[in-house]
Amino acid sequence: MNPQVTIGKTTFANPVLAASGTFEFGLKFKSVANRLGGVVTKAITLQPRVGNPPPRIYEFPGGMLNSVGLENPGFEVFCREVVPHTRKLKCRVVVNIAGATVDEYGELAARLDSEPVDALEVNVSCPNVKEGGALFGQQPSVVEAITTLARRRTTKTVIVKLTANFVDPVETAKAAEAAGADAVTTINTLFGLALDGNGRPFLGGRNGGVSGPALKPFALFCVDRVAAAVKIPVIGCGGIMSTADAVDFLSAGARMVQVGTANLVNPEAALDVWNGLKAHAEQNDLGNWDAVVGRTRRRS
Amino acid sequence: MKPALCLVVQARELCTGIFSLWLEASETAHRVKPGQFLNVKVSNGPDPLLRRPISVCDVERSRVRLVFRVVGRGTAMLARVRTGDELDVLGPLGRPAPELHHKDIMLCGGGIGTAPLLFLARRLRRANRMQVLLGARTKAELLLVREFRALGLPVRLATDDGSAGYRGVVTELVEQQVRSQGPEATSQGRGRRSAVGGKPSAVFACGPRPMLADLVKRLDPIPVWGFVEERMGCGTGICYCCALPKKGGGHVRFCEEGPVVKLNEVVL
Ligand SMILES: Cc1cc2nc3c(=O)[nH]c(=O)nc-3n(C[C@H](O)[C@H](O)[C@H](O)COP(=O)(O)OP(=O)(O)OC[C@H]3O[C@@H](n4cnc5c(N)ncnc54)[C@H](O)[C@@H]3O)c2cc1C
Ligand SMILES: Cc1cc2nc3c(=O)[nH]c(=O)nc-3n(C[C@H](O)[C@H](O)[C@H](O)COP(=O)(O)O)c2cc1C
Ligand code: FES
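Residue numbers (the numbering used here), protein chains in the order written: chain A, 1 to 300; chain B, 1 to 268.
One thing to keep in mind: the hints can contain errors.
Reference listing, derived: stretches of chain A covered by chain B, where coverage requires no fewer than 3 residues with Cβ under 8 Å from a Cβ of chain B [to be verified]:
1) 19-27
2) 64-74
To spell it out: a stretch of chain A is covered by chain B in this simulated footprint if at least three of its residues, at any positions, have a beta carbon under 8 Å from a beta carbon of chain B; those stretches are [what the hints assert, rightly or not]:
3) 87-97
4) 254-264
No wet-lab data here; the hints were simulated from the structure. Remember, it's a predicted structure, so these values are computed and weren't measured experimentally. Heads up, the beta-carbon is just placed ideally off N, CA and C, and yes, glycines get one too.
Let's have the full structure, built from the sequences with the hints guiding it.
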């Protein structure tokens with residue numbers, strides 16, 4: 001069995017990644033990271049960000065909301081203090097980038113081009129403050145503009161991480177594909193609001209992003225549709241807690257999967273998913289993932 | 001770091017709503033230091049999704065003790081654990097409390113906040129002089145008093161209703177103690193060096209957030225190390241969901257830089 005997956009210029013040893021924001025920079029649990037296909041770093045912005053005030057997490061039956069608010073040390077500190085360590089990981093390192101403006105995405109892409117990282121994941125689920133706070137990723141034209149910029153300014157693999165908040169990810173996936181993205185990640189968290197019982201927002205950042213098992217049916221629905229609509233690979237994400245969940249995402253058309261919230265419960269969750277997939281492949285005598293990927297549409 | 005399944009060798013209710021679990025966990029028992037916690041899965045399934053952080057209250061040979069109060073769904077499920085069950089725990093997590101020597105240490109526990117101080121007292125008592133002040137609403141809710149006394153430490157109590165010790169909040173008692181007593185300490189407790197009264201050079205406190213804030217205000221500028229028991233995601237430093245604002249700006253990721261932090265440096 002050859003478990004590798006190639007996306008753009010990047011070959012991953014296996015199809016399992018740790019999702020952005022849920023595994024730090026892959027440095028806390030290196031022995032886990034080393035055995036994954038790769039880790040996606042938490043979002044990096046040009047300037048440092050202190051993030052949202054607490055509380056930043058709210059739990060509900062089936063999932064959670066977070067409002068971390070992209071806390072990160074900023075691009076320069078990341079390159080100086082984090083990259084020297086991530087470059088020693090044995091897995092692929094994908095840097096999740098978030099811009100405050102369209103141009104910032106271009107600048108981040110350009111400056112990362114010379115860094116020893118493997119790929120960029122363009123996080124378009126950030127509020128476009130200049131345009132009234134709607135997410136960049138809610139308009140196909142903006143996704144196209146950001147992807148074009150990133151594509152032009154880096155030679156590295158470019159993955160666009162889509163949002164499904166009040167936008168059909170099929171449209172934004174097509175826009176990303178047209179602009180030269182190597183793959184799309186489907187999906188980021190969904191908007192959510194939690195109240196404290198007295199009518200006030202619970203989270204320090206007011207609104208949050210829903211993740212965890214509750215997200216899975218919708219994420220799977222999105223992957224199924226997006227994979228049918230674009231030729232570039234789809235990376236499935238949303239509520240993957242187990243190998244069975246990962247098999248579902250591959251079946252729906254994902255070439256790779258990202259494990260997010262599950263890492264919070266068990267830092268070895270992504271590795272468990274990969275070990276389970278390997279066993280699944282052996283049991284079913286798979287030579288590669290082609291028989292599984294997209295089989296849902298082939299069967300229905 | 002893999003979660004471990006630990007046998008519950010004793011599960012018991014200490015007083016209404018407060019439970020004690022002894023776990024057989026030799027690796028954890030050998031590695032854990034005061035200030036650290038375990039992240040406990042309270043169900044087998046995905047609901048509740050997240051683990052519940054509980055401080056290590058005590059260690060005896062290969063066993064680890066957790067003492068917790070039922071405050072919601074997760075802790076209510078944990079309270080149903082029985083002797084002979086297995087518990088899925090991750091840890092030890094967090095940065096150990098600072099190891100001090102030759103200090104006058106005051107421990108101040110409010111309610112369930114008493115629990116993590118016991119292990120700290122056990123480890124710090126030999127190299128330091130120490131006094132313990134514990135508070136609760138009523139006498140029945142005072143926790144672990146016998147255990148602290150068994151360590152040979154002077155223990156003072158405060159209850160809101162005056163049913164045991166000082167009538168009033170424990171922070172008031174701490175302040176009185178610090179202000180009224182001279183710097184010398186009398187020797188007590190079977191020859192062990194322990195202080196009664198006097199200005200402490202370090203204070204460790206655990207309890208509700210208002211209690212911690214009150215204590216910092218009363219004792220200023222004496223440094224107070226507090227156990228932060230606020231919401232967390234992972235407990236392992238990977239999600240950035242635990243954040244305590246720092247006085248100079250930015251946040252402390254207290255699952256990693258804590259849970260014991262210098263309270264004087266954060267915004268409570
Ligand atoms: C480092 C640390 C050590 C702790 N040690 C102890 C201990 O030794 N004994 C003890 O009784 N309690 C301790 N707590 C508090 C304990 O974790 C909470 O009481 C518990 O998580 C509540 O869960 P629940 O489902 O019953 O409550 P719910 O209110 O239903 O929980 C909802 C969510 O909020 C979280 N939450 C609610 N209150 C707290 C809180 N005070 N701190 C952290 N998360 C909270 C829960 O984990 C859950 O995700 C500690 C907390 C921390 C952070
Ligand atoms: C605490 C937390 C922080 C996150 N931070 C980021 C981030 O910085 N950038 C990003 O693109 N996605 C971020 N996400 C979204 C996840 O990468 C993932 O897309 C989402 O949580 C859905 O997957 P899951 O259900 O497996 O968690 C974050 C999610 C969580 C729970
Ligand atoms: S709880 Fe996840 S980083 Fe502290």
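Results for each hint:
Counting residues of the segment 19-27 of chain A whose beta carbon lies closer than 8 Å to any beta carbon of chain B gives 4, which meets the minimum of three for the stated coverage. For the segment 64-74 of chain A, the stated coverage by chain B is satisfied: 4 residues place a CB nearer than 8 Å to a CB of that chain, which reaches the threshold of 3. Check result for the segment 87-97 of chain A against chain B: violated, 0 residues qualifying (beta carbon to beta carbon below 8 Å, three or more required). With 3 residues having a beta carbon nearer than 8 Å to a beta carbon of chain B, the segment 254-264 of chain A meets the requirement of three or more and the stated coverage holds.
Of the numbered hints given earlier, the model fails hint 3 alone.
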